[in-house]
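Peer 1: So the chains spell out like this:
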Amino acid sequence: MKSFTYERVTSPAQAAAAVAGKPGAKFVAGGTNLLDLMKLQIETPAHLVDVNGIGLDTVEATSQGGLRIGALVRNSDLAAHPTVRRDYGVLSRALLAGASGQLRNMATTAGNLLQRTRCPYFYDTNMACNKRQPGSGCSAIGGYSRQLAVIGSSDACIATHPSDMAVAMRVLDATVETVRANGATRVIPIADFHRLPENTPHIETQLQPGELITSVTLPAPVGGTHVYRKVRDRASYAFALVSVAAIVQPGGSGRVAVGGVAHKPWRVEAAEADMPQGAKAVAARLFAGARPTPENAFKLPLAERTLAAALNQARS
Amino acid sequence: MDPNAHFPLSRRDLLIAGATSAAATAVPAATPFQPKPTTMTAAAAPMSVRLSVNGAPRQLEVDPRTTLLDALRENMHLTGTKKGCDHGQCGACTVLVNGRRVVSCLSLAVMNEGASVTTIEGLGTPQAPHALQTAFVKHDGYQCGYCTPGQICSAVGVIDEIKRGTPSHVSADLTAQPMLSAEELRERMSGNICRCGAYSNIVDAITEVAGAKA
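Chains as they are written, first to last, in the numbering used here: chain A, 7 to 322; chain B, 424 to 637.
Isolated chain B, as found in the complex (with noise of 0.2 Å):
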């Protein structure tokens, strides 16, 4: 027997209905609320995306929706890319997109075509960690390690930003090579946020590695 049989409305009719007649009770004149009737849209035909993902060829098969961010933990399987916010305020999911820092949240894969993506696991290994990865367990550059992977994607940008000579908002001088201080480190590093408030270490850390004293 259907297990069901006794019960023909299901859960969400019934709350429907009974939200439907409560205002119905409370107002009896007015027009009861009638939620907008869901337009279901059928997923779109799946697309093909190649892109080479730390140096190796990648084909994958996503839903259009599928996020950069998402392509890499959910069809690569490389978690070392964290999800924050998943709306490009956090940093935590910064990886590097032909040597450019981003957000691969606020990127769809498909937009990624032929791209060549670098993630944290492609920057170094526990055998042979990158200069920033060793110099953050070194100052202490993190406390639960969430926003690391994507501290230190960002990092690898700011210092190649620097070394190209790319101003920031607290650059004095629009046209000189900008400095490597710590207002500097600090504004370029705003767009990761670290809720354990390891900041002051990050600084350190990325001080150390591009080769000045803070």
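Chain A with its partners taken away, still in its complex shape (with noise of 0.2 Å):
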């Protein structure tokens, strides 16, 4: 690991300057990834500002019916809370299916959103990787990619986003909040909040240097049966090849959002209309222009396979 400055803030507009003003500074809040990065030297912040004491730890009703979540709750805590258990079940099961218990004990909701992909070449030093150190190509392009993006790729980058929590924000319509060093603060939409790779990889969020999430916010229920299915190489502790996070509604509408095929959760709100005709129908709106390589072409018929028993299942 590379020497590091590092100090502990108390509010969450101070942890804003504190990141702000200092070049290479980062938040850290449970490190699960943070960390692990930081010993392979991919991340090398010279400041690491500790936002454990800001408080943002406790999920609250807000007065539109939904749940305001704060940045700093563990996912253990999040999947385990009755109102998530009983209204947004799907974030309940996506925050299940990743990880170990312990890594859900310290990992938290603003962190998750923020993990960076496991792509490895992305991991690899001794392999070029425009995310990793922008311009230096990608290794990944005509590499071992069966673990990678199918759709909304680019020549740059066809790295994936790991988390299954966001793929259950996104079918949700969760909203992020924010604070600047200024004390300006503003509601991202999750649909924009990760980016497409393009020619910038390494830029993944919308967020601006000493931008700080502090929480994400749930509309109020929708109803309908939720349904979270991942598919992966082991029963358990591993990453999507491909998730399906599904709200189905009594006479068969919804919606549905997909994981572990895009460099941010993928849905495709125009392809939801088809949900009463089945997941074929779904299926080729949501991949239209998909571009798959040789080695992960699998996950089309996979995804829609997946889709197809996220609709059973919320049938039976």
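Honestly, the hints are just simulated from the structure, not real lab data.
Just so you know, even glycine gets a beta-carbon here, dropped at the ideal spot from N, CA and C.
Just so you know, not all the hints are guaranteed correct.
[Said to hold, decoys possible] Only some residues are given here: those of chain A computed to face chain B with a beta carbon under 8 Å:
| no. | residue |
| --- | --- |
| 1 | S69 |
| 2 | G95 |
| 3 | G107 |
| 4 | Q108 |
[Stated by the list, open to error] Take a look, some chain A residues computed to stay more than 12 Å from chain B by CB distance:
| no. | residue |
| --- | --- |
| 5 | R14 |
| 6 | A26 |
| 7 | K45 |
| 8 | D161 |
| 9 | A187 |
| 10 | G189 |
| 11 | A190 |
| 12 | T206 |
| 13 | V228 |
| 14 | A244 |
| 15 | Q255 |
| 16 | E275 |
| 17 | L306 |
| 18 | A320 |
Taking the hints as your guide, dock the two standalone chains into a single complex.
Peer 2: This is how it looks when you write it as structure tokens:
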């Protein structure tokens, strides 16, 4: 690990000012992704601002009938929250499908959204990676790409976003609330929060330097049957090859988002009009324009079948 | 006489020069590969951290880079907690922080200011073992034993999580009290790898202590 200085802060505004005021500074919360990357010298922050003491660790009802989830709420606590289990089952299910019990006890809501890709070429510092070292190229293209993106990718990057939680947040139309060093706050819809790679895969979200996530807000519950179906190489504790978050209403209408296929949770609202027609019709519109590699082309039929299984599960 | 006087180049310099000349020979037109200059950053000043470990207050002076795992093993000499992968993938370093199981390799010591840490040494002793330690022995819940402290600390967390009604990936009903089945234990213990493959005996040991039949 490269050397760094460290400080603790006690308020969101102080945290944002501390990171904005120091070049190379980063927030640390759970640390489960950042410390891993620091040990590999993929991340080399000069200064760490520990935000674990700023509060923002509760789940509260909003006046609109939804839930405001503090940025520091741990993944295990969010998954086990009684209201989330009852009204936002897809979110509990997605969280419980990710990582291990120990990591879920550490990882935070905001940190989960900000976790980096597990592309093997991002992790191997001997390889070219535009995300790790902008302009160096992409060794994943033409390389071992079985786990990587099939849609929304670019000639600069074919990495996927690894989060399960974010896929559920996308299907729930969550919004991300932030604060900046000057005290300005804003609300970013989850649909816009993560960016596609295009020519700047190292810029993964809309956040500005020093901008701190304070909470993630869910709208009022939409009812329906909630399903999160994850396909992976082993039964537990692995990243998704493909995952499907679905909310299905009694008439067969609903919403669907897919994980493991793109640089962000993948949802095409227009495709949801075809949900009563079944998985094939929805998948055709969800994956129009897909650019799989020979190694990961299997993800397209796999996603369609996983969606079919999710819709069957919702009906049963 | 300086024994290195005849060798003004260090071994590292020679290796770099050799690599450069080899590259120059093979591809005369190409710019020889230049390794990136190593930027040395001075270690940050040590920081003080106070925490309670197995019930005893401890104060440490650590480099901010020190993980909780290394602080336990190297600074406090509590070597029961094991370093496996050091990347949060194997669970060998699992300890309880404020009663919750975590991987100590992915937490900085300084992030645990004021925390209460329980390691395998704090759960029981050879004279007065924890019920899980006794059950692991009875059921042969290990072969080499390297993952065992992490397995047992994790199991303490699992039993508490089930008692609190926390659902898991395999719980059929998110809102019901979870079952204490082998399937539930396997899922909940999936963050602890045992390369000897003692998994079925580990499940038997935890099941006995948690008070149900597998």
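Peer 1: Hint by hint, say whether it matches the structure.
Peer 2: A quick look at each hint next to the structure:
1. Annotation: interface hint on S69(A) violated; nearest CB of chain B at approximately 25 Å, more than 8 Å.
2. A hinted interface residue such as G95(A) counts as satisfied when its beta carbon comes closer than 8 Å to some beta carbon of chain B; here the least separation is about 6 Å, so the hint holds.
3. Evaluation of the G107(A) hint against chain B yields a held restraint, the C-beta minimum of about 6 Å falling below 8 Å.
4. Annotation: interface hint on Q108(A) holds; nearest CB of chain B at approximately 5 Å, less than 8 Å.
5. With a closest Cβ-Cβ approach of about 7 Å to chain B, R14(A) is found to fall inside the 12 Å limit, against its non-interface label.
6. Look at A26(A): its CB is around 20 Å from the nearest CB on chain B, clear of 12 Å, so calling it non-interface holds up.
7. Interface exclusion of K45(A) from chain B breaks down, the closest Cβ pair being 7 Å apart, not more than 12 Å.
8. Distance check for D161(A) against chain B: the nearest CB is about 25 Å away, which clears 12 Å, and the non-interface claim stands.
9. For A187(A), the requirement that its beta carbon stay farther than 12 Å from each beta carbon of chain B is met, with the minimum near 22 Å.
10. Every C-beta of chain B lies more than 12 Å from that of G189(A), the closest at about 26 Å, which supports listing it as non-interface.
11. Annotated as non-interface, A190(A) keeps its C-beta farther than 12 Å from every C-beta of chain B; the closest such distance is 28 Å.
12. Every beta carbon of chain B lies more than 12 Å from that of T206(A), the smallest distance being close to 23 Å; the non-interface claim holds.
13. For V228(A), the non-interface assignment is confirmed: its Cβ lies about 17 Å from the closest Cβ of chain B, beyond the 12 Å cut-off.
14. Some Cβ of chain B comes within 12 Å of the Cβ of A244(A); the nearest lies about 9 Å off, and the non-interface call is violated.
15. Remark: the non-interface label on Q255(A) is consistent with the geometry, its nearest Cβ contact in chain B lying 19 Å away (cut-off 12 Å).
16. Listed as a non-interface residue, E275(A) keeps its Cβ farther than 12 Å from every Cβ of chain B; the least gap is roughly 26 Å.
17. No Cβ of chain B approaches the Cβ of L306(A) within 12 Å, the least distance being about 25 Å, so the stated non-interface status holds.
18. Here A320(A) stays apart from chain B, with its beta-carbon at least about 14 Å from theirs, past the 12 Å limit.
Going through the hint list in order, the structure does not satisfy hints 1, 5, 7, 14.
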